[in-house]
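Protein chains: 2
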Amino acid sequence: MVGGVGENQLPTHELIYRQLRELVLFGDLAPGQAVTIQGLTERLGAGMTPVREAIRRLIAEGALEFQGNRRVCVPQLSADNISELIVARQWLDPHLALRATERITLDELDDLTVMDGELDSAISGGDLRAYLELNYRFHRRLYEIADAPILAELADGLWLRFGPSLRVVCGRMGTQNLPDKHKDMLAAMHARDAERAARAIREDVIQGMEQVRRSLELSAAAH
Amino acid sequence: MVGGVGENQLPTHELIYRQLRELVLFGDLAPGQAVTIQGLTERLGAGMTPVREAIRRLIAEGALEFQGNRRVCVPQLSADNISELIVARQWLDPHLALRATERITLDELDDLTVMDGELDSAISGGDLRAYLELNYRFHRRLYEIADAPILAELADGLWLRFGPSLRVVCGRMGTQNLPDKHKDMLAAMHARDAERAARAIREDVIQGMEQVRRSLELSAAAH
DNA sequence: CATCAAATAATTTGATCATATTCTGGGGGC
DNA sequence: GCCCCCAGAATATGATCAAATTATTTGATG
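Those protein sequences? They're chains A and B, same order as listed.
Residue numbers for the first sequence follow our numbering, beginning at 71 and rising by one.
Residue numbers for the second sequence follow our numbering, beginning at 71 and rising by one.
Watch out, some of these pointers could steer you wrong.
[Said to hold, decoys possible] Simulated coverage check for chain A against chain B, where a stretch passes if three residues somewhere in it have a Cβ under 8 Å from a Cβ of chain B:
1) 111-123
2) 129-137
3) 151-161
4) 218-226
[Stated by the list, open to error] Calculated from the model, a selection of chain B residues having no Cβ within reach of chain A, i.e. all distances over 12 Å:
5) Ala-116
6) Asp-181
7) Leu-248
Just so you know, the hints here were simulated from the structure itself, not pulled from any lab data.
Since we're looking at a predicted model, the values are computed, not measured.
Ideal placement from N, C-alpha and C gives every residue a C-beta, glycine not left out.
Take the sequences, apply the hints, and build the full model.
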């Protein structure tokens, strides 16, 4: 254990899991980078059992890769992988947005609007890390509102797969001309036009993911 | 470790994971049943560390459920859960079948045909366990042929969620009138008609999953 | 004499276990 | 019926063993 006098609610392995998850999600671990148990016990200040469990969970979710010999690393996406992720998100995200539009309350809509405002600030302020985090939380909130836990878990899991690459790509391009069709979507939701909201999200997803694809193809060509 | 003089290739936690996975997948653990570490260490003859890891992996895949207090059990599907699974498979399976049709070789087609024949034998022979296993392997093989590892993993993960319930449902209805649109699909694949193959699989999925839904609604009504 | 390659030694890392500790849930006493 | 105590199960640690990668040495060759 690290700090804590005794005010703890969550077990260590759960805390470690969440920390490691964010490390992957927001690109603090680069694609290809090795992930070792002992390295993380030091970095996160925990014993090896909780760290082992957290790593296993992330492997099961596709966030980390087990390399046959007993090594673990952050996966590097191939062009084919990206295509699959695009196909999957292109279906999942609009479907969830559609459901969300049918269910969302006005309070929740305000929530999303506020989040999107903060997102704008992060973009204009050039704060990459904040952009990545807020953008994720925006979509994540949408998944929750859709009230479809299994589909939401699937969609959420996809973020873990392209998170590390997203960070690399955005790091190369700065925070300008990042995709944000969120305004369209929020307007459509206000109008209770589920189809239009779904279309807006679909474009948002395609724009963002295609940018990742192109950028990754470039760096692959320069191998 | 259980037996073994030294001919081992795979680590214990991997073996335990696979065994536990099949236990869930083919309904040897009933929905709602509690899963304890110590129970499994005895049942599978392993130490607690490998068992813990296997359980965590299955939880991450949605095959087991963590109940907040440190208990773990096999999830019981709600009607909403089933609907989500239907929606997801209704999209994923046809998509993968479509890709598979474009890529499948004649040898692989023969493979599938043989598997489907064995499936028929299991049905007419009334062997429920063999049906469940062969049906799973048939679809699984299709996923592999589609050559889309991420989408295949998503589809594969869904089986873990309805596996336990499928066993219960089929146990109540016997092996007669089980869905099998596989013949249609194989014919369509022979003709390289991807659209028709995808439609056949879609019907296969819907038939099977709707049967689960209806059966579960009945038992819920009799609460 | 320098360079490269193969074999071997050393270090790092992962896998498993036994054990101590903490927490949850149930049963007996009030 | 409520509360406290206890049995049992889960969590977490560190030690030990095994495997794999890396570094080093050695010997042969140009």
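Evaluated hints:
Counting residues of the segment 111-123 of chain A whose CB falls under 8 Å from any CB of chain B gives 3; the rule of at least 3 is met. Chain B is given as covering the segment 129-137 of chain A, and this holds because 4 residues of the stretch bring a CB closer than 8 Å to a CB of that chain, at least three being needed. Only residues whose C-beta sits within less than 8 Å of a C-beta in chain B count toward coverage, and the segment 151-161 of chain A has 6 of them, enough to reach three; the restraint holds. Residue count for the segment 218-226 of chain A with a Cβ under 8 Å from a Cβ of chain B: 6. That meets the three needed, and the coverage hint holds.
Remark: the non-interface label on Ala-116/B is consistent with the geometry, its nearest Cβ contact in chain A lying 15 Å away (cut-off 12 Å). The beta carbon of Asp-181/B is kept farther than 12 Å from every beta carbon of chain A, the shortest such distance being approximately 23 Å. Listed as a non-interface residue, Leu-248/B keeps its Cβ farther than 12 Å from every Cβ of chain A; the least gap is roughly 24 Å.
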